[in-house]
Amino acid sequence: MDFSIRAANVEDCKDIARMIVVSRHVRTYLEQDGFSKNPFFHGIIAEVPEQLRTKDGHTKVGYALYFYSYSSWAGRAIYMEDLYVMPEFRGKGIGKALMSKVAQLGLAAGCNQLNFTVLDWNKSSRDFYMSQGCCDVTTSMGYHCMRCEGEALQHLAQP
Amino acid sequence: MHFKIRPAKKEDCKEISRLIMELAVYEKMPDQVKIAHEELERDGFCENPFFQCLVAEVPEEHKSKEGFTVVGYALYFYTYSTWKGRSIFLEDLYVMPEFRGNGIGKGLLCKVAEVGKKKECVRLQLSVLDWNTPSRDFYAAKGAQDLTVSEGWHAIRFDGQSLDNLANEAAKI
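Chains A and B supply the protein sequences, listed in that same order. Count the first sequence with our numbering and you get residues 1 to 159, in order. Count the second sequence with our numbering and you get residues 1 to 173, in order.
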C-alpha cells in the first residue's frame with residue numbers, strides 16, 4: 001500500500017485526537033503541549049493518498065507519539081508513548097514504518113535506547129514487537145512500572 | 001541531620017556520576033553503566049536538556065567518610081501521557097547508605113513531585129526492580145501503584161543491534 005510518514009504539525013492535532021479517542025477515552029491538550037516552545041512530545045503521521053482515504057474521508061491513518069528521555073546508565077534515549085494504525089489499514093507495514101521512523105529519529109539524536117510499554121495480554125502487539133528484536137525488560141530484568149497520581153501525588157508535592 | 005536539596009549544577013556531574021555507579025552496584029548491574037560525567041554535562045546542561053537533576057547536600061561537618069558532601073540525587077525528565085497529559089519520570093533516586101533514615105530520599109522524591117506540580121504534571125512515574133523490596137515498600141508507602149502487577153504493563157526496549165536494525169528499516173519507506 002502506498003503511504004508516507006512525516007512529522008506531525010499543529011494542524012494534525014485534530015486527527016491525532018480522533019485516533020486517540022478511537023483507541024481510548026482521553027482529554028489532553030495536544031496543541032499546547034506538543035507544539036509550543038518546549039514541547040512535551042513529538043509526533044509522526046502516516047498518510048495515504050486521497051484515493052485510499054477512509055469512508056469518512058480521512059487520509060491520516062496512523063501516528064506515533066514520542067519524546068526524548070534519559071537513562072543514567074546508557075545516556076540519551078527515546079520513548080514511544082503511542083503507536084497506532086486504524087484497523088482497516090493494518091497489515092500493510094504502516095505500524096512497522098512508524099516505529100522504524102521513531103528509531104531512526106532517535107539514532108539521529110544520539111539516542112541509545114528506544115523504550116515503550118505494552119500490556120501483557122496484548123498478544124498481537126507483543127508478538128509484533130518481539131518479531132522486531134526488542135527485549136521485554138520486565139520479564140528479563142524484573143523492572144516494574146510504578147505510578148503516583150491524584151491524591152497521592154498531591155500529597156507528595158506539598159512543600 | 002541537616003541537609004539541603006537543590007538543583008544540580010554542571011559542576012555536580014562528577015559527584016552525580018559517582019552516585020549513579022553506586023546505585024548500579026546496588027542494583028547488581030555495574031557493567032551496564034556506559035556513560036560518565038562528560039555525557040551528563042553535555043545532556044543535562046544544554047539548551048534543551050534531556051534530564052533535570054536535584055542533589056542532596058550535607059554541611060562539611062557531616063561529610064561522608066571519603067569526604068563527600070553530595071550524598072544523594074534524583075534524576076528526572078518530563079514525559080507525556082496521551083491519556084492524561086504532562087507527566088514526570090523519576091529515572092533515579094539514590095541516597096548513600098550512611099545517610100539513609102534521615103528523610104533525604106523522601107525529601108528528594110517530594111521535591112520532584114513539587115517541581116512536577118509547578119509544571120502541571122498529573123503523574124509521576126518510575127520503575128523499580130522486582131526484588132528491590134525496600135524501594136518497592138518506600139514507593140508503595142507514598143501511594144505509588146505497581147502497574148506491572150495491577151494492570152500488566154511490561155517495559156520493552158530496543159538497543160544496540162536491534163535498535164540499528166529497526167532504524168535501518170526506515171530508510172526503505
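Everything labelled a hint here was simulated from the structure, so no lab data went into it. Computed from a predicted structure; not experimentally measured. From the three backbone atoms N, C-alpha and C, an ideal C-beta is built for every residue, glycine too. Just to be clear, a hint being listed does not mean it is correct.
Part of the chain A face toward chain B, derived, beta carbon under 8 angstroms [stated by the list, open to error]:
#, residue
1, C13
2, Y70
3, G95
4, M99
5, F128
6, Q132
7, C145
8, R147
9, E149
Right, here's what the structure says about each hint:
1. C13: Constraint on C13 (chain A) not satisfied, violated at 11 angstroms.
2. Y70: holds, 4 angstroms
3. G95: violated, 12 angstroms
4. M99: Holds. Min distance 7 angstroms.
5. F128: violated, 11 angstroms
6. Q132: Interface hint status for Q132 (chain A): holds (6 angstroms vs cutoff 8 angstroms).
7. C145: holds, 5 angstroms
8. R147: R147 (chain A) check passes; min Cβ-Cβ to chain B is 5 angstroms, inside 8 angstroms.
9. E149: Where the cut-off is 8 angstroms and the nearest Cβ of chain B is about 5 angstroms from E149 (chain A), the hint holds.
Hints 1, 3, 5 from the earlier list are contradicted by this structure; the remaining hints agree with it.
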